[in-house]
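Colleague: Sequence:
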Amino acid sequence: MKEKYSLGKLWEKFWETTIQVHRDKATGMLEFELNELENLFVVLIFGSFIGLPSPPAAMAMELLPYLEDELRVMVSRADLAQDPLGAVMGMLNVD
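First residue of the sequence shown: 1, per my numbering; consecutive thereafter.
A couple of the hints might just be wrong.
[What the hints assert, rightly or not] Simulated crosslink set (DSBU-like; lysine-lysine; CA at most 35 Å straight-line): (1) 4 to 25; (2) 25 to 13; (3) 25 to 9.
[Claimed, not checked] With beta-carbon atoms standing in for the labels, derived distance ranges: (4) 57 to 12: 55 to 61 Å; (5) 87 to 50: 41 to 47 Å; (6) 53 to 87: 52 to 58 Å.
Note that these hints are calculated values from the structure, not bench results. Ideal Cβ positions, reconstructed from N, Cα and C, are used throughout, including at glycine.
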């Protein structure tokens, strides 16, 4: 049987959906902002590689543990840059 909705229930569903959409948009914006702040943080620490003035060495060493994931990505990209075809063949188990 078809369920009949009253105007009040439809209105309530409408507002629930609207609130959920706004929450999803806000979450997406926060995730984007977090990624941008992480990128900015990496540029501040590793800026000397691209010609930007670097922070004092003591401060950079204190912040280094927070860059563990970025260092892993940087090292893996550097490895792939040396021999990208070899990396692909290694994934495919071609000898």
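Colleague: Hint by hint, work out which the structure violates, then give me just those numbers in ascending order.
Modeller: 5, 6
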